[in-house]
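Number of protein chains: 2
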Amino acid sequence: MTLKNDRYLRALMREPVDVTPVWMMRQAGRYLPEYRATREKAGDFMTLCQTPQLACEVTMQPLERYAFDAAILFSDILTIPDAFGLGLYFVTGEGPKFRKVISSPADVEQLPDVDIADELSYVSDAVGVIRKELAGKVPLIGFSGSPWTLATYMIEGGGSKDFRKAKAFLYNHPEAMHQLLSILADAVITYLNAQIAAGAQAVQIFDTWGGILTPQAYQDYSLRYMQKIVDGLTKESEGRPVPVVLFTKNGGQWLEAIAGSGCHGIGLDWTTDIGDARQRVGQQAALQGNMDPSILYASPAAIRSEVKQILAAYGSGPGHVFNLGHGITPEVDPDHVTAFVEAVHECSAEYHQDT
Amino acid sequence: MTLKNDRYLRALMREPVDVTPVWMMRQAGRYLPEYRATREKAGDFMTLCQTPQLACEVTMQPLERYAFDAAILFSDILTIPDAFGLGLYFVTGEGPKFRKVISSPADVEQLPDVDIADELSYVSDAVGVIRKELAGKVPLIGFSGSPWTLATYMIEGGGSKDFRKAKAFLYNHPEAMHQLLSILADAVITYLNAQIAAGAQAVQIFDTWGGILTPQAYQDYSLRYMQKIVDGLTKESEGRPVPVVLFTKNGGQWLEAIAGSGCHGIGLDWTTDIGDARQRVGQQAALQGNMDPSILYASPAAIRSEVKQILAAYGSGPGHVFNLGHGITPEVDPDHVTAFVEAVHECSAEYHQDT
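Here the protein sequences come in this chain order: A and B.
Going by the numbering used here, the residue at position 196 of the first sequence is 319; the numbering climbs one at a time, nothing skipped.
Going by the numbering used here, the residue at position 125 of the second sequence is 248; the numbering climbs one at a time, nothing skipped.
Which residues of chain A face chain B? A partial, calculated answer using Cβ under 7 Å:
#	residue
1	N295
2	T337
3	P338
4	A421
Don't read these hints as lab results, they were simulated from the structure.
For glycine and all other residues, C-beta sits at the position ideal for the given N, C-alpha and C.
All chains should be built: construct the whole structure from the sequences, respecting the hints.
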C-alpha cells in the first residue's frame, strides 16, 4: 500500500517536505470525548491496550478530527514490565502501579525468561489492525519506554516524586542495575522489532525519566542502553528505512550525546531553544518538538504565535517534526488542537520553499 | 562580632578558601528528629515560621550536628504572597495552599498596597535572634522565592503538576503577568533588604519553577525580575559585600544568561556537570551545588564517591560552594548527612592548595 503522506518519515530522514509534519504525544487521549467513550466501553485501561480493535479505534480517533501527519500506536510504555510478571494496573488519578516490585539484586536474578514477542503479541496484533485501517493515510509510529524509565517504575512500583528507590538501587547496586537494564534493552529490541515486522514505520523510545539523572548517570544508565537498542533494531522495512526517535524529557543539556547514538530523530521538550538545538546537533539527527503543551490552554491566537516562534527558531530546510514537548493533557479544549495543527501547516510552508 | 568561619562568603566572592564550604538546602528540616519535635511543639508550620525564637531554634539545630559553613534562615518562600493577603496555609502531605488566588488581571489590579517590611517583620526579627545565637560561628543566609515562582503559587493556589493556570495566565494576559511580577520584584527587594539590615550576610533567590518555562519565557518572566532584584539589593553590610545567589531549578541550559544578571553565585541542580558549568560561566559567578539529594539515600561510601566526582569536576581554585541540587528530603538518615559534610571537607583540601 502506497503511503499517501510521508512527510513525517521524510522529515526524520532530513529529506525535503512541503510543510512541517506534526503529531502530538498522547494524541489519542483523554482530551477527546470519543476517547473517553471508548475507554468507558473497554472498562479498564489495560483492556483498551490489550484489545487490538479497541486500540485501533482510539489510535484512529485523532486522525478523524485533525490533519496529523502520523498515527501512533495506542498502548502503554509499561507493557514490558507487565510481561515480566510484575502485574501492571491503573488506579484512576494515581497513574500506573505494579503488584510486584524489584527491590533487591536477587529480584533481578529471579526475573523470568520471557518470550516478549509472544507475551506482547496483542501489541503487534494492534499494529497490524491499525495499519490496515490507516490504509496508507499516514505512517504508524511504534514505541516503547526506555530501559531506564521501565526500571524506575519496576523499582518504585509506580510513579515517584524523587525516584529515591530507583536511585538508591543504582548507587548501591550498580551491577544489578546494569543487569536489569541489559535485560530490558534486549526486551525492548525484541518488542520494537516485532512492532516493525507487524507494520510500524518508525519507532520512538520514551525516556521519560532519563532527565532526573546526573549527566554521568544518564550516559551510563540510560543513553547507553538506548544506544544498544538503536544498534539492535531492524533498519529497513517495506523498502524504507525505519527511523528511530529518542525522547529524553529534560535531556536538553545532553543533545550532543544523544545525537551520537545514531538515532534519526531527537525529541525535545520545551525548555530547549530548537534553533540552538539544531546548531548543536547539526546534520546528525532530525529534531522533534517542542511546544509547551500548556500553551494549548491559551487562546488560539497565542498558540499560533508560539507555533510561529518555534518554526522561526528552527528556520529553513528539512529535519523538523513539529510536536509538543510532552504529552497533551486531558483538560485541553479539542478546538485548540485544531488551531495548533493548522498553524503548523499554514505557517511552515515558507520554510520549505528552497527545498 | 567577628565571623569565625567565612568560607561560604569567600567562596561566593571567588576568594581563596582552605576547603570547599558546604551547606544544604532545607538543612533545617524534617529529616532531623529535633526539627520534628520543635515543629510539633509549634503546632502548625506557620507558627514555626512566625515565632522568631522557634525559627531560631530550628535554624540552629543542623549546626549542632554538622560542620556546615552557613546557616539559613528558617522560613518559607511563600511569606510574601501571604503578606499580600492570600492566606497561606499548609495541609500535611499536600504542600502549601492559598485561601485566595489570582485568577484574572482584575485580581492583580486589586492587590493591596502592603508595607512588606512591616508585614513580614517577624522574619527580620528571626534574622536578628538567629544572628545573636550564631555568635559569629558561620554566616547567615536570607532568602526569598523569585517573583515568577511566587506568581505560580498565587495563580495556582498551591503547587501544581503542569502549572497550566499560571502558563495560561502568562500567555493570555502577558501585561497583567508583568504587572504582577513587577509588584512581586519590588516586594522581594524590600523583603531581602530588611533581612540584610537585620543581619543576613548573603541572600538566595529560589526560582523553583523557572525551569518549567520556555527559554524565551524564562528570560522575559523570570530572569528579568530576578535581575531587577539583584540591581535593587543592598550591596554591602557590616563592611562586607552581600553576595546574591540565584537558583533556578532545571535552569542548567540558561547559565550564561543567569550569570549575566550580576549575581555572585548560581545554584545548580544535579543535571548539569559542574565542570561544564564552570567553563560556561567563567569568572562571572561562583557556583553552588550540585549533588543529587537522592544520593543521600545511598551508602556513605557511595555518597563519598559522588562528592569526590563533583569536587574533581569543579577542579582547583575558588568559587565553589558545595550543596545539594535541591532540598534534602525527609526520609534521609541523618548519619548520611555526616558522611556528606565530612566528605566535602576532607576531600576538597587538595583543590585549594595553590590558592
